[in-house]
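From first to last, the protein sequence lines are chains A and B. Numbers given in my numbering equal positions in the first sequence, counted from 1, plus 98. Numbers given in my numbering equal positions in the second sequence, counted from 1, plus 3.
A couple of the hints might just be wrong.
One side of the interface only, derived from the structure: several residues of chain B facing chain A at Cβ under 7 Å [to be verified]:
id: 1; residue: Arg53
id: 2; residue: Ser54
id: 3; residue: Arg56
id: 4; residue: Val57
id: 5; residue: Gln58
id: 6; residue: Pro59
id: 7; residue: Trp60
id: 8; residue: Ala61
id: 9; residue: Gly83
id: 10; residue: Arg85
id: 11; residue: His91
id: 12; residue: Pro122
id: 13; residue: Val124
id: 14; residue: Glu125
No wet-lab data here; the hints were simulated from the structure. We treat Cβ as the ideally placed atom computed from N, Cα and C, and that holds for glycine.
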Amino acid sequence: MVTSAPPRPIPPTPALDLPEDRRYRMKRRFLGAPLHTAELAHERLGKPTALAVFASDNLSSSAYATEEILRVLVPAIGVAAFALVVPITVALLIVLGFLILSYRQTIKAYPTAGGAYIVTKDNFGLLPAQVAGVALLTDYILTVSVSVAAGTAALTSVFSALAPWAVPISVAFIGVIAFGNLRGVKESGKVFAVPTYYFLINMVVLLTVGLFKLFLGHLPVESLHQPGLVHVGHSAADGALFAGAGIYVVMHAFASGGAAVTGVEAISNGVPAFKVPEWKNARETLVVMGSLLGAMFLGLSMLAAHLHVTPFEAGTPTVISQIGKLVYGRGALGTLLYLGLQSGTVLILVLAANTSFADFPRLASFHAGDNFMPRQLTKRGHRLVFSNGIISLAIASAVLVVLTEAKVDRLIPLYAIGVFTSFTLSQGGMAKHHITHKEDGWRTGLFVNGMGALLSLVVDVIIAITKFTHGAWVIVVLVPVMVAMLVRLNRQYESEAHELAADAKLAAEAPVLRRHVVLVLVDSLDRAAARALQVARTLHPDELRAVHIAVDLYRAELLAEEWRRLGLSRLPLELVDCPDRRLARSVLEVAAEATADGETEVSVLVPRLEHRRAWHHLLHDRTGETIADALGQLDHVNVTFVPYRLGSRKDNLDVSIDA
Amino acid sequence: MSLLMRNRRAAADLKNARSAVEEAAVALRACVPIASVVWRQPVRVQGRVRSMRVQPWADVASLECTLVDESGGITVVFLGRRKIAGIHPGTVMCVEGVSGSHRGKLAMMNPVYELIETPHVEVPHH
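If we strip away everything but chain A, and leave its shape as in the complex, we get (with noise of 0.2 Å):
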């Protein structure tokens, strides 16, 4: 036997050597070399590490959850407010330890993924599921900003030549945070402990010294009539104190206060991060968690109420900041102390914003998944993480800050209804879920995941009633707005996939037709036509022609003189008379025509051109790809795009195109 070269291994890379293109280039500088699919190995977490990774959102709404009280309460009833701000806090305690008992019902149930769309889906359903998951959507969204407004206005205490651009450094941190999730900052767990150890220990150290001064009577009680301030309402008589529309105010602050609770879910979405055993490790990171904030959040409430801090119109500085200076003192320590508590409670804030960027993405996936929300949402990016999902929440939020001019007083109105939504249909879907298995002490259970239900959805409700003018109704409007948008998405896709399905392996058996024509769109006669030329030839159809559209019927004559000296045999040349200019129209005409029969398929190559240089195409219209769009509305036509590379002589061409 006779071979002409024996056969050789292939080589190990396939033979490309083509440059990346500049798009490409500038997202590896800018975000790092990709990451393999194979990397999306999980990074298990410790106890301390999963505190700091998942409770920065929920801790960091003790730094501005007595201040939005305050501001509710102190010009309604004026120093009447110092007295009724314990309680409220105490109130909103009570809801945050029932969602705590919830959550460690569900962490258990749930030990892959616990999040509130995933509970509600299982329980109630999908519709259900989309409503629960829309209100968290907006509640992240609302997280960011409100975070990042908080965390910027905490920087302006400090430096408060800063706060007239409070709007630009609140975009910059939203930037900076979706540019490090981008580049996929979720592998390095540590670098969320030092930011919320660091603000932790402020927090002891400010409670620590603030409660001590304040049991030996050593702190001072701050004046009610400094410029800036929100107006002091007039105190009412205690008995009245309590008719309807003092309950109504405390109703108000209590849902103001409400955003305090948020964040309590971190945990049960991402019980899977932690060491094993999973969901016990994660069940007590929660209550570690909620015991922390209880504590913070209370402390600063009775520091506020025995220092009568009042809140200021601008929002800066803000109440913890005045706490802050009354408890350290104008001394040297004072001051360095005061510092940190304000860095620290910046960058908690910040990073709270970052834990809606791992969670939006995350849930508009599971959306996206179930085929709710655009498709692009699932897909992962460069580097492994959801980057449309992190580029969407990022522009939301973003615009968000700039239509409320980055002041959390104007956002907390439209936060927690979300979050409360969400708490109310999960833990409703425990309650169920108890019910339909009886799982051992199935029973304790449901009082518990019950009495949350009831509880978030009591809250819901006065927050969606108190703060419904103040623009609650944006949120009380969009999501079932969304909802409906995300149902008729849905009904979309479905109905595509349905299509597409429908008799798949009849329609793949179905006899070829019978004839193929192929149309050579030319334009004039170059290196471009005559590669789509070469190509057609190798098809070997029933029949070949070249087709140009005469626009301009000099060029028309011109390319009909050059194509009777060509020496091509069968190869007919068709002038196809357009007097209205529309190329696309005169394309589509002529292949139907050539369909006409019903038993034909027809292939219009279409020369393109590729350029080296982005600008390039600057210089050419899009004619190909209108065709091309245009011929897509016909049964049995078909596009290919034969491309001419510029800039590349060395091809090799055996069309002999001069005569």
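Given chain A, work out where chain B should sit, using these hints.
Okay, now just chain B, sitting in the frame of chain A:
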């Protein structure tokens, strides 16, 4: 009635009679809608050249056009010709001949043609 008036009327009658004859003459050679053309009948149609086929040198010399009016289209083939002055895409012409078939389609081979309107070919200045 004056003599002058009578003369005028006679002149008008003569003019009417003449135009009627002309109309009849035109009617005899009248064009029919392309859709009504039947195979193997002498026929005269008028239409616009929607497309024309240019054969390369290696093939048999022929010029093939698709002539269309509002009702339909027909293939017109000029055998032995590579090009005909005045026939471009967009030319309006009248063709007269016997309908036949070419490549399975209704066609007229080497018909008598009359150019009605040729598109203006704009030659660039340079």
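Does the structure break any of the earlier hints, and which numbers would those be?
9
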